[in-house]
Amino acid sequence: MKEVYITRVSKFLPNDAVENDQIEERLGLINGKPSRAKNIVLRSNKIKSRYYAIGKNGALTHNNTQLTSEAIKALCDNDFKADDIQLLSCGTSTPDQLLPAHASMVHGELKGGNMEVNSASGVCCAGMNALKYGYLSVMTEQVSNAVCSGSERVSTWIKSDAYEDEIAHLSDLENHPILAFNKDFLRWMLSDGAGAMLLENEPKGKFPLKIEWMEGFSYAYEMETCMYAGGEKRKDGSMKPWSEYSPSDWSKESVFAIKQDTKLLGDHILTKGVDSLKKAISKNGVKPENITYYLPHISSYFFKDGLYEEMKKQGVNIPLENWFLNLDRVGNIGSASIYVMLEELVNSGQLKKGDRILLSVPESARFSYTYAYLTVC
27 MKEVYITRVS KFLPNDAVEN DQIEERLGLI NGKPSRAKNI VLRSNKIKSR
77 YYAIGKNGAL THNNTQLTSE AIKALCDNDF KADDIQLLSC GTSTPDQLLP
127 AHASMVHGEL KGGNMEVNSA SGVCCAGMNA LKYGYLSVMT EQVSNAVCSG
177 SERVSTWIKS DAYEDEIAHL SDLENHPILA FNKDFLRWML SDGAGAMLLE
227 NEPKGKFPLK IEWMEGFSYA YEMETCMYAG GEKRKDGSMK PWSEYSPSDW
277 SKESVFAIKQ DTKLLGDHIL TKGVDSLKKA ISKNGVKPEN ITYYLPHISS
327 YFFKDGLYEE MKKQGVNIPL ENWFLNLDRV GNIGSASIYV MLEELVNSGQ
377 LKKGDRILLS VPESARFSYT YAYLTVC
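Residue numbers (my numbering): 27 to 403.
Hints may be right or wrong, so weigh each one.
Said to hold, decoys possible - Across the chosen pairs, the derived CB separations fall in these ranges: (1) Lys230 - Lys59: 36 to 46 Å; (2) Met165 - Asn104: 43 to 53 Å; (3) Ser274 - Met165: 24 to 34 Å; (4) Asp103 - Ser274: 48 to 58 Å; (5) Glu142 - Met27: 34 to 44 Å; (6) Pro345 - Met265: 18 to 28 Å; (7) Lys230 - Gly263: 47 to 57 Å.
Treat the hints as calculated values from the structure; they're not laboratory data. Every residue, glycine too, gets a C-beta built ideally from N, C-alpha and C.
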């Protein structure tokens, strides 16, 4: 087995940062009125700016494939070109189309030579699952390098026109035409962007990061669906997929909108997260006090204090001064968040040889969690 190192990490955030008072200028008003949930959600999540692949004139500037390709191009230079990539492993929850797979589309945009491609689906863990595929492939000497990515172009899923038919339908039924909170909630949380990493079997570069281990956990065997798109959640907790709706109902019920069961999220995301964290570090013999930097992907600063208290309650005390977060500056970019967070840490000038970094990514879709433990070489 080969050792595996992250030798380069990059990001691509489209256009200028969008401040809180500019969100509805880009995403649009629903039913011509400002959202009642917006200020409540923003006060809670403490996000101050985010990025959209939408220009000031409302025109789309990048699709997901292009965002990913731009992040990967930022890895390349005269010493490492797109032609040198042996494996391309891409994760996203918002691909541009159902078929072909996202990694194939990125390869087509990126060009380069012949290479293996892998597409990881899901929500926030998709980026980490793409990373793990690359990690295992380099470790087992299937390839000597892999480029892995996480990306989201979610803005088109949460623009106001995605809900127009539903609002019109509610008006026709003489119901109060307001978007349900489980849909409106996410409009003030999510952001566009992409991140990429180059994995190699030698410690190249100024501060290569050795991947010590990766672990993943799923609680779907005991938990209902919490975050979803392309279907509706029934009262009994089961899912009705888009393929069982008539095409005329897809827009009337905003079937393809991203939704979240906020009560289920609040009740379980932290307890299951700390339970999986304990399993990961216990299995690999890591003590909390040995973690120099803890990078938890959280969707909202609302969860930060609760996560810390739950960690202390379950005996995993990683001091808050060891946490590294950038949610307030870039928003929740789903599967790309952990890539963008690590890129910022690597370029912060704070790292020194011997530092240990724990990447922690939860996914509320049906409660999955993925971890990676890194050593600065």
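Right, here's what the structure says about each hint:
no.: 1; hint: Lys230 - Lys59: 36 to 46 Å; verdict: 54 Å, violated
no.: 2; hint: Met165 - Asn104: 43 to 53 Å; verdict: 27 Å, violated
no.: 3; hint: Ser274 - Met165: 24 to 34 Å; verdict: 50 Å, violated
no.: 4; hint: Asp103 - Ser274: 48 to 58 Å; verdict: 51 Å, holds
no.: 5; hint: Glu142 - Met27: 34 to 44 Å; verdict: 19 Å, violated
no.: 6; hint: Pro345 - Met265: 18 to 28 Å; verdict: 40 Å, violated
no.: 7; hint: Lys230 - Gly263: 47 to 57 Å; verdict: 49 Å, holds
The structure shown violates the earlier hints numbered 1, 2, 3, 5, 6.
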